[in-house]
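2 protein chains.
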Amino acid sequence: MTHEELLSLVDRALFAEIGYTDEQGRQNIRKVYCVWHKGLKHHLISTNTSSAHVQSLLQNGNACLYFSDDAAFAGLCLYGRAEIRTERAYKEMLWNPGDEKYYPQGIDDPDYCVIEFIADAGRFYRFDGKGTLSAEALTASCAGREYENGYAASMQSGAES
Amino acid sequence: MTHEELLSLVDRALFAEIGYTDEQGRQNIRKVYCVWHKGLKHHLISTNTSSAHVQSLLQNGNACLYFSDDAAFAGLCLYGRAEIRTERAYKEMLWNPGDEKYYPQGIDDPDYCVIEFIADAGRFYRFDGKGTLSAEALTASCAGREYENGYAASMQSGAES
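Chains V and W are the protein sequences, given in the same order.
Position one of the first sequence corresponds to residue 1 (the numbering used here), numbered consecutively onward.
Position one of the second sequence corresponds to residue 1 (the numbering used here), numbered consecutively onward.
Please keep in mind that the hints were generated in silico from the structure rather than gathered at the bench.
A hint or two may mislead.
Claimed, not checked - Sample of chain V residues lacking proximity to chain W, with all beta carbon distances greater than 12 Å (derived): (1) M1; (2) L14; (3) I18; (4) N28; (5) K38; (6) L78; (7) A89; (8) E92; (9) D128; (10) T139; (11) Q156.
As the list claims (entries may be wrong) - Covered stretches of chain W, going by a simulated chain V footprint (3 or more residues, C-beta under 8 Å): (12) 18-24; (13) 37-51; (14) 66-80.
Note that the Cβ used here is the ideal one computed from N, Cα and C, for glycine as well.
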């Protein structure tokens with residue numbers, strides 16, 4: 001798969017699975033809504049600070065993030081770390097009208113946080129073969145990019161084409 | 001979610017994600033085709049013995065298995081262990097006509113094996129709440145059952161209703 005195909009897979013995905021070790025030392029997977037990306041290396045996920053996966057990631061940030069498209073038989077597993085961001089800039093960027101129903105105190109609700117996943121390696125799978133992504137390739141994929149809602153952008157370009 | 005709803009989620013899923021620690025000590029996720037189940041506790045996955053996830057699971061069988069239905073906003077994460085089965089009974093049960101394209105030597109191909117995932121705990125999520133499954137509840141869910149291709153059975157009952 002080319003980098004463009006991998007970027008498209010990530011942008012179309014809407015959801016991803018985050019894999020981590022929980023506080024009981026078990027492997028754990030949680031499905032997360034993940035539409036903000038900067039290249040293939042950086043990904044943002046808004047969630048409840050009190051949720052079990054955030055509490056586990058605060059203890060042990062080693063994690064993986066898996067994007068897939070079942071119809072295309074394609075998958076990408078990114079390996080790296082998850083950082084819990086509580087700075088307003090992150091929380092403001094991901095805030096959507098109506099999110100008050102999850103976070104009654106609004107953007108500054110202490111139960112609202114953002115997980116930043118930062119990849120340092122990756123592996124992809126498709127019907128036509130598999131391959132790996134190096135730390136250098138992941139860094140290069142961010143060059144000149146800012147965080148963007150890739151799902152919204154991909155829907156937009158789909159509507160125009 | 002009731003046990004019947006969880007059994008239905010698993011039967012409909014077709015794919016699951018297996019979460020494990022790889023040989024580099026990283027959290028890893030692989031999407032797997034998973035349609036053979038015995039209750040909520042036992043699940044079978046046919047795959048290549050040489051694949052990276054099988055080799056990792058032979059080193060460290062602690063794993064989780066995640067089933068989800070995005071349309072229903074429902075997910076189930078099972079915690080337990082993965083055992084690699086090479087006995088003919090397992091390999092025969094999961095063999096499909098045409099699998100020779102993956103395993104040229106047929107059922108006895110040494111590169112063909114079956115992962116048996118055995119859960120001892122679980123956690124489920126749906127729009128209307130979340131909950132846990134105990135080891136006892138998982139064992140009870142198998143009572144009087146044999147392994148069955150749950151996806152084929154669910155498609156069949158769907159066609160009849």
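Consistency of the hints with the structure:
1. M1: Non-interface label stands for M1(V): nearest chain W Cβ at 15 Å, farther than 12 Å.
2. L14: The assertion about L14(V) is violated, with a minimum of 8 Å to chain W.
3. I18: 9 Å, violated
4. N28: 6 Å, violated
5. K38: Given a closest Cβ separation of 21 Å, the condition holds.
6. L78: 10 Å, violated
7. A89: 27 Å, holds
8. E92: E92(V) is indeed farther than 12 Å from all Cβ atoms of chain W, at 26 Å.
9. D128: Nearest chain W Cβ is 14 Å from D128(V), so the label holds.
10. T139: Non-interface label on T139(V) holds, nearest chain W Cβ at 18 Å vs cutoff 12 Å.
11. Q156: 21 Å, holds
12. 18-24: holds (count 3)
13. 37-51: Per the Cβ count (0), the hint is violated.
14. 66-80: With 6 residues closer than 8 Å to chain V, the stretch 66-80 of chain W meets the three-residue bar; holds.
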